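K.L.:
If you want the building blocks of each chain, they are given just below.
There are 2 protein chains.
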Amino acid sequence: MASERSVKIEFQRLHGMGEALYDAAHDAFGPVTVRAYAPVGGHEDLLPYLVRRLLENGANSSFVHALLDERVPASAVAADPISAVEAHPDRHAKIPTPKDMYMDRQNSLGRDYSQAADRERHAVALQKVDSETLTAGPIIGGKLKAGTNAQPVTNPFDTTRVLGHVSEATEADIDAAVDAAARAQIAWDRKGGAGRGAVLRAMADALEANMDRLVALLSREAGKTLNDGVAEIREAADFCRYYAMLAERDFGGPTELKGPVGEINQLVLHGRGVFACISPWNFPLAIFTGQIAAALAAGNAVLAKPAEQTPLIAAEAVRLYYKAGLDPDLLALVPGRGETVGAKLVSHPGIDGVAFTGGTDTANLINRSLAARPGAIIPFIAETGGLNGMFVDTTALKEQIIDDVILSAFGSSGQRCSALRLLYVPHDAADALIEGLKGALAAQVVGDPTDPATDIGPVIDADARAMLEAHLKRLEGDAKIIARAELPAGADKGHLFAPTIAEIPTADYLEREVFGPILHVCRYEPSKLKETASKLAARGYGLTLGVHSRIEAFAEEVARLVPAGNVYINRSIIGAVVGVQPFGGEGLSGTGPKAGGPYSLIRYAAEKAISNNISAQGGDPALLNL
Amino acid sequence: MASERSVKIEFQRLHGMGEALYDAAHDAFGPVTVRAYAPVGGHEDLLPYLVRRLLENGANSSFVHALLDERVPASAVAADPISAVEAHPDRHAKIPTPKDMYMDRQNSLGRDYSQAADRERHAVALQKVDSETLTAGPIIGGKLKAGTNAQPVTNPFDTTRVLGHVSEATEADIDAAVDAAARAQIAWDRKGGAGRGAVLRAMADALEANMDRLVALLSREAGKTLNDGVAEIREAADFCRYYAMLAERDFGGPTELKGPVGEINQLVLHGRGVFACISPWNFPLAIFTGQIAAALAAGNAVLAKPAEQTPLIAAEAVRLYYKAGLDPDLLALVPGRGETVGAKLVSHPGIDGVAFTGGTDTANLINRSLAARPGAIIPFIAETGGLNGMFVDTTALKEQIIDDVILSAFGSSGQRCSALRLLYVPHDAADALIEGLKGALAAQVVGDPTDPATDIGPVIDADARAMLEAHLKRLEGDAKIIARAELPAGADKGHLFAPTIAEIPTADYLEREVFGPILHVCRYEPSKLKETASKLAARGYGLTLGVHSRIEAFAEEVARLVPAGNVYINRSIIGAVVGVQPFGGEGLSGTGPKAGGPYSLIRYAAEKAISNNISAQGGDPALLNL
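Protein chains in written order, with my numbering: chain Z, 1 to 626; chain L, 1001 to 1626.
One chain only, chain Z, in its complex shape:
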């Protein structure tokens, strides 16, 4: 090629490699200019670099592998890889499309805001939402009750903007909703898993069909960035489809149990009655919709209390359930404060179970209130907080750690129960890693969540921000602030809090979860991993846990030392996908069962065993078929 085009060749190679090829070129063309690269770097960079090269070169499909294999003809080695790809224009038959990748249910749709068309759809939807006056309040039997005591709902990024109004459910509303729900539940339960699954699938479709509007609402009411909004809607749709699949599988009809001749023995799962679903503001759509979907899938009716901060998106979800074909009596919205509406719900004698996601203290209050009720002991499914750690060793790849730490600690402004709170870095790698984190934090864009360029939005309200400010003050006093992100101009219109990285000595420093964008870094001595980890374990939480390492035994040891319902290796520790990473913790972090897992629905249901002595009718026909 060079001689044809009259250009000069320059031969580039790594120092110590490619010498045979150089010799061959020299023989063919005479002296060739050579540029030799010598990789330079610290010891901590060497191992991941070498591993990467070994993996690349060792792969069956690698050029080097083919080159050195004498059985591979030169024409195959020199073949044009682009034409090789072009020869197979279609998808590999065994690689499903994203929509079908889960086999047992449809995957949810997304958005790509790097595409102008998707940004444009968002802008239109946002404008539409901004032009509306939104109203939430008790929705009972499908009817929104106009309240006299309506309170404004504001935008956490700009509290001067009132998005709409909400009125609180009264005791009479709750009584009416429980009555209607209890009556409607009987037919819903009898409908069986297949019939209920169809409604839930229609809900998933409705969520996707309304994605742009829901993303806009999530940004305005909950301060979600666009990508967080999309992820949340996808999660809501995934919950609906996953629980529909479980409903069909486990509630599709009786399971025959093996018994003696002359008897038919069956086990049937059925709904318990009316569930109270109490959900948080940090996933005002996904957890709200998911709790309801689980309770409905198992054959229950639901009274749903959204968080005080996010009633508008909840009302929107309830309306979508109705559009999807749900009998309105099966789902009531009862917005309000925990101490009024929440307290009334959990002490109501007509409630047959409670699903709750929120703080550990609130869970304990609810549990005590449920225990104080006369009558039956009802299920309490609580998903609560975490004090989530990530352990890094010196074999891990720095760039990957940094990406995953920033995402885990600051994604959704750190307002995920799964978010990273404590990063453990080995002394040897600490300084370099902390430098990298500083740089990465500086590159994060903090600001208006409706802007596609924003990485980190506001925290939810003034209380949250005040709590974070107080914690920051403490860190400034007796710990060490490593870095804080920049806030944009005008940040004081709302609840922006500058994402912060601080160094603390051990997990003992934190008595409890600090919910927001503050990452704590602890240096540790690898030979004292056990002592270090046991201090984290002693805090009593057990939600998420991260490990970054190329050594499997290290990951296994960390997972043994620190209790956690969800362990993530060499990746971020947030963003659990329904059915893929069933989510939920142990200890102070929750009761189980995990949400979005194969055992999710059992606690929402009761089991009935039916034993029929068919020999009383004359004998067992199965004997005739032997």
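Misleading hints may appear alongside valid ones.
What the hints assert, rightly or not - Only part of the chain Z face toward chain L is listed, based on derived beta-carbon distances under 10 Å:
id : residue
1  : Asp352
2  : Ala382
3  : Pro598
Rather than coming from a laboratory, the hints here were simulated on the basis of the structure.
Since the model is a prediction, treat every value here as computed from it, not as a measurement.
Virtual Cβ for every residue (Gly too), placed ideally from N, Cα, C.
Given chain Z, work out where chain L should sit, using these hints.
P.N.:
Quick look at chain L alone, frame taken from chain Z:
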């Protein structure tokens, strides 16, 4: 044959039937003496009689069916049925032996006390037990602590006989047991389902190997008849084998979850830590062993508190667990009173879950105590009482009803949570049925449970008897005693209570479960079934429910109207078999999951999801295998 042997033929037939055969005989032999039977009876006997005849004659294998089928040759009709059976001396290849009938696990062994050999084995074992001085007390790390505060354990049939002594566990004993259990649990959990299943299977074998001794102990300490004792030991062995099977199935290793390329996602079940198992005196071996087996199977260690009345059999079971190969640190016995040992157990910070079988009130106390604990919300699995009804209609077969009612109400002296408390009989059939029940009750032998002839033994203690006497007094005052069984001479040595049948107007009469051999009968108007049943449902229990009817729709309607975890059609409502009738109720009757069912172990376990980004190691090898 008649002419050969010079005897006279008499032709017997039912009036209206067999005339063609008579004609043929007349043609062949001349006049033949005929005796014609005319069935005589009330209208209520007619339907079941006709149904029985139709079923018999309509069966493919029936003589009448073959006789009337012209395609069947006379030689086949007249073939000797005995030689037909003798031609197939072996078992039908598709009918498994009783031991293998459950396919997925071994069925337990029994005894047949109609056989002299089995009675003899029992007598020898009883003599041996009577010759021993039995001791129970705290067993921690495998060591029985000799107590200074030992209390006598007496025979409920003869309280002058002291069987042995028991000393109560102290707070220090419980602390020591929790510490040892927590340490041992880690390795046990890691052992996995297969390793743990092997120990449980060895326990099942050990129970069977010690059956005669255990039957004797159950009679002496818990007043069980021999057959009740055998049933209890079988249930204990079945629990061990069934949970071993579940442990292998669900705890055998991680479940792979479908996820994106480049990630391995797994779900693993593991033990929660240390369980407190609190069991009742009415199944001092089966429930005691079964709770422990469930907790162990799921990977937990156990502190077991037996009922105050039955510590000796519990100590025996614990020793058998050790003999079966269980690390003694994994199972401690902590005998004592509920208000001392039980209260300490459930408030102990080292306890990670509680399994309880007993009264509804005690369950509520425990639930409140658990809710008051600081820290994690731990699982509470409660199996409690019932107010169990059986509904009979006029299509049911009287003899079968009577058998099943007597067994359900008076088996184990009515001291089963599943026992029948309320029999609903339709007005039309009531008098005849009550007459039949009177006769059947009179035929029951009440007395020494160690005697193979005894049907009904004593109640457990003086408190139980006093409660029954008080209820009887109330029934004598404002209801109607239908019948009482005879007590043998010398009944006042112990806690015999004469089994009683009383008529009451409606379920409202009973505020709560009356635990013992008193059956209440209610007459009902079939057109008012719904109202009648709703009064029973309103009591809030939901354990067992019986229906006797030949009409499927009637059984379905009753099952819809009365909540119950276990529904039994045309059979007794007691004696749930592990894996065949998974046992447990709803409402006031328990929290679920059912014992001996496919979901039994989930609540004893926690779920861990592990997500490993294997593309960080260079890619997903699964792609190469497409």
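K.L.:
Hint proline 598/Z vs chain L: min CB-CB distance below 10 Å?
P.N.:
holds, 7 Å
K.L.:
Any CB of chain L closer than 10 Å to the CB of alanine 382/Z?
P.N.:
holds, 6 Å
K.L.:
May I ask you to test the interface hint for aspartate 352/Z with respect to chain L, counting a Cβ-Cβ separation under 10 Å as satisfied?
P.N.:
Cβ of aspartate 352/Z sits 9 Å from chain L, so the hint holds.
Checked against the numbered hints given earlier, the structure satisfies every one of them.
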